[in-house]
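Peer 1: This is what each chain is made of:
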Amino acid sequence: MSSSTGGDSFDLVDLTPDLPVDDLRAPADGMGRGPQGWRHFWGWSGKSAPVAMLLIAGVGLGPLGINLFSPAMPLLDPVVPVALAALGVLVGLGLGNRRMDERRLFSAAWLQALVTMLIVSGGIAMVIPRVLSPDVRLFWTVIVVCGICAATSLTLPTGDPLEPRTPAARVMELGVLLPIVAGGLALAWLRAGSPIGAVTLVAQAAGITLMLAAAGWLLLTATSSETEERVFAVSALPLVGGVADALSLSAPFVGLIAGVFWRIAGRHPRESIRRDVLFVQHPLLVLVLLLAGARADLSLQALVLGAGYFVLRIAAQLASGMVARRVAGANVPSDLGQHLLPPGVFGVAFALNAVSVIGADASIAYAAVVVGTIGSELVAVALRPRRLAG
Amino acid sequence: MEPASPYRPKVSRETRLLLTAAVLAVAVLWLLAQIRFDGVPVPTSPIPAVLSQLASSPRFDDLAGQLSQIQSRLQPSLLLVGASPAVEPRRVAIKLRDDLVVTWVPPGGHPALWTDAPIVAHDVASGMAVARVADAASLPQPLPWTPSRLQQPRYFFATNTAGAGVALRPVFVGSLQPIDTPLWPEPLWTVPARTDLAPGAFVFSTDAELAGLVIALERGLAIVPGASLLTEADRLIKTPPGSGGSIGISVQALTAPIASITGAQSGVVVTAVDGDGPMVRQARAGDVVEAIDGEAVPTLQHWNARMARVPPGATLVLRLRRAGELRDVTVVAAPPPDAPATRQLGLGLRGRARVGAEVIRIAPGSAGDRAGLAVGDVITLVADLPAPSAAQVMRAFAAAAEGRHVLIAVTRGTDHFVTTLAR
Numbered sequence: 089m090s091s092s093t094g095g096d097s098f099d100l101v102d103l104t105p106d107l108p109v110d111d112l113r114a115p116a117d118g119m120g121r122g123p124q125g126w127r128h129f130w131g132w133s134g135k136s137a138p139v140a141m142l143l144i145a146g147v148g149l150g151p152l153g154i155n156l157f158s159p160a161m162p163l164l165d166p167v168v169p170v171a172l173a174a175l176g177v178l179v180g181l182g183l184g185n186r187r188m189d190e191r192r193l194f195s196a197a198w199l200q201a202l203v204t205m206l207i208v209s210g211g212i213a214m215v216i217p218r219v220l221s222p223d224v225r226l227f228w229t230v231i232v233v234c235g236i237c238a239a240t241s242l243t244l245p246t247g248d249p250l251e252p253r254t255p256a257a258r259v260m261e262l263g264v265l266l267p268i269v270a271g272g273l274a275l276a277w278l279r280a281g282s283p284i285g286a287v288t289l290v291a292q293a294a295g296i297t298l299m300l301a302a303a304g305w306l307l308l309t310a311t312s313s314e315t316e317e318r319v320f321a322v323s324a325l326p327l328v329g330g331v332a333d334a335l336s337l338s339a340p341f342v343g344l345i346a347g348v349f350w351r352i353a354g355r356h357p358r359e360s361i362r363r364d365v366l367f368v369q370h371p372l373l374v375l376v377l378l379l380a381g382a383r384a385d386l387s388l389q390a391l392v393l394g395a396g397y398f399v400l401r402i403a404a405q406l407a408s409g410m411v412a413r414r415v416a417g418a419n420v421p422s423d424l425g426q427h428l429l430p431p432g433v434f435g436v437a438f439a440l441n442a443v444s445v446i447g448a449d450a451s452i453a454y455a456a457v458v459v460g461t462i463g464s465e466l467v468a469v470a471l472r473p474r475r476l477a478g
Numbered sequence: 019m020e021p022a023s024p025y026r027p028k029v030s031r032e033t034r035l036l037l038t039a040a041v042l043a044v045a046v047l048w049l050l051a052q053i054r055f056d057g058v059p060v061p062t063s064p065i066p067a068v069l070s071q072l073a074s075s076p077r078f079d080d081l082a083g084q085l086s087q088i089q090s091r092l093q094p095s096l097l098l099v100g101a102s103p104a105v106e107p108r109r110v111a112i113k114l115r116d117d118l119v120v121t122w123v124p125p126g127g128h129p130a131l132w133t134d135a136p137i138v139a140h141d142v143a144s145g146m147a148v149a150r151v152a153d154a155a156s157l158p159q160p161l162p163w164t165p166s167r168l169q170q171p172r173y174f175f176a177t178n179t180a181g182a183g184v185a186l187r188p189v190f191v192g193s194l195q196p197i198d199t200p201l202w203p204e205p206l207w208t209v210p211a212r213t214d215l216a217p218g219a220f221v222f223s224t225d226a227e228l229a230g231l232v233i234a235l236e237r238g239l240a241i242v243p244g245a246s247l248l249t250e251a252d253r254l255i256k257t258p259p260g261s262g263g264s265i266g267i268s269v270q271a272l273t274a275p276i277a278s279i280t281g282a283q284s285g286v287v288v289t290a291v292d293g294d295g296p297m298v299r300q301a302r303a304g305d306v307v308e309a310i311d312g313e314a315v316p317t318l319q320h321w322n323a324r325m326a327r328v329p330p331g332a333t334l335v336l337r338l339r340r341a342g343e344l345r346d347v348t349v350v351a352a353p354p355p356d357a358p359a360t361r362q363l364g365l366g367l368r369g370r371a372r373v374g375a376e377v378i379r380i381a382p383g384s385a386g387d388r389a390g391l392a393v394g395d396v397i398t399l400v401a402d403l404p405a406p407s408a409a410q411v412m413r414a415f416a417a418a419a420e421g422r423h424v425l426i427a428v429t430r431g432t433d434h435f436v437t438t439l440a441r
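Protein sequence lines correspond, in order, to chains A and B.
If you number the first sequence the way this note's numbering does, the last residue is 478 and the count never jumps.
If you number the second sequence the way this note's numbering does, the last residue is 441 and the count never jumps.
Hints in this document: simulated from the structure, not taken from any laboratory.
All C-beta atoms in this analysis are idealised placements derived from N, C-alpha and C, irrespective of residue type, glycine included.
Keep in mind that the hints are not guaranteed to be accurate.
[To be verified] A short, non-exhaustive set of chain A residues, derived as facing chain B with CB atoms under 8 Å:
#, residue
1, 215
2, 270
3, 399
4, 403
5, 406
6, 425
[Unchecked claim] Just a sample of chain A residues kept apart from chain B, beta carbon distances all over 10 Å, derived:
#, residue
7, 154
8, 223
9, 386
Put together the whole structure using the sequences plus the hints.
Peer 2: Rendered as structure tokens:
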């Protein structure tokens, strides 16, 4: 479940049977026989995480449950921007990997993300007046955060540019770009309070990030061993995440800037960073999901808003999948919307990031995203794409 | 070619799924719309509410929204302290720590009359006072505000006493200018003239942070920055400044003509020397005090600030200039003149026919002073005797047993109030 980025063996763009595709190893019926099938059913693999299970576990460990996490939460908070920056770095590093029909898939992915954002934001805008007190800043915060969080289905981008990807998986990967950029600008706007202030803030963050990325690149070109490379590459992540945290900006956006720089800068540092970031990304995301569950304040308002977010996201992903398929052509499966139903990690992690950037105004949106993510994950299990469901 | 099966659906599985999801989504949203939340008005249609949020609203609406939020956030940390409202206006205070609050006592105020919040420390020079309030421990303490650019125009929210509570109102401040004063170790921020602020008001930023306390200076109003206020209040408790000492001279500001005659560049001019004071043989009218204990006294404000913090028995070295010559004079501050015992009436009265007795003089610390009377007040009733003469007021007070109170009615301008004289 979740964002099984290598999910189906159907319509592979670049069929290379010898290359590893984690999800292909699982039985096709998805229900599984034995531990491998069970793990596949819950989306537990090297490239995906059982989002709903981890979130529920986080709720159980948090103040609403046995309260085991509470003392450690302030210490774990800095992990969130680092994990999100790592996600942004991976997306940035993956940009420009040329594949067949890439341009059409790219357009389809952007259109899919845009349609989802518009539907969910519009629907949430209709729900807010019945749930929350009228407040302009709160209104915009909730609809922007919900819209952006709903638009993605990605857990982890691919680590290997040559790895065979299904078109559906590629749509997921490319579709995360628009929410990252939109999220970065939106958070800057909500924080600065004016478009000019937001542009200034983004320019500052971009400048500092590029300096950091350049410094990291220079260090990586001068390394003499793989251990040194790993130390420098992993050290660059907290710096990039720290810039986002210090400037109270979107961490994936800042990570994306660094990732694009390293993508352009040269092959050797790029491959080192990709390998080492992937090395730490999965445990970081698991920790982020547990933390996300623990921090959710599941009030009645949040549950109602979360239920609205959930149904809107399901309908929006199905609708945007149909629209995207018309743009992408016959290459993508006809049930593209069902491939996009799993919520992935990015949405809930972005909401967590929004809380730290914007403050209390985003907490209701964040709780709603957690509720909606759990619901989406369960629906995605029930409505599996035909090839995956067998 | 085989004919199409009559059972083949005309719409694809994906379309059916999408339609089902859309119908379910609408149904769920409709169900959610039936849930009611306290404090959230139920719109008959959400469209106007959404449109009103999308449209650019006037700034005053934003301000009103901010005010409403800040009022609810700050209300628990603001309280009123002071004497009876009939005696003098009550003062706004904010929490300092534990059960202590910090506030401002204006010159001529009567902190001794504060029964609900006894004064723990009071700096007569600056007016800052720390009082003890029994239930202050549970109050939140506001965070001090740190400005990025002082000169930038901005809105503040200022406290305002409203009946029995404290209200907040928005105040536009064109700019803040730092200024050094002898009263405070840190620079204060002066506000432009005609800014709608009153001394003693606390001001807060739009993020509900404590911008500071408004005080009156000779040249207008100034704000004591929040961080400086809290630091100084803490220091006031630990090392309270002395007060009450007197060296028995009166002074005035040095003007250019006097400076040209005396040859002094700065200082204050002695105008009178108390015949019973410690400087009776050491100074005379026309001398210029240029420094105290080596510190220059450039303005009258510096002199007043220094003198207000002199405890009885303190030794001061004054640098005096007389006829162009400088000399240092050592003087020991005397205790203040004996205050009349609290059981004395301490009022100079003048009879006003068929009206009462007008107050023309008040001895500090006397029963009249403690009752909050001011020069010009007219006592229109004493005990049960209306329109009393001066002698009747004094007799009625003298006739009361020690520890008892005498009821009086007072007219102050167009206001009327009733208070008591404690025997």
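Peer 1: Which hint numbers does the structure go against, in order from smallest to largest?
Peer 2: 2 and 8
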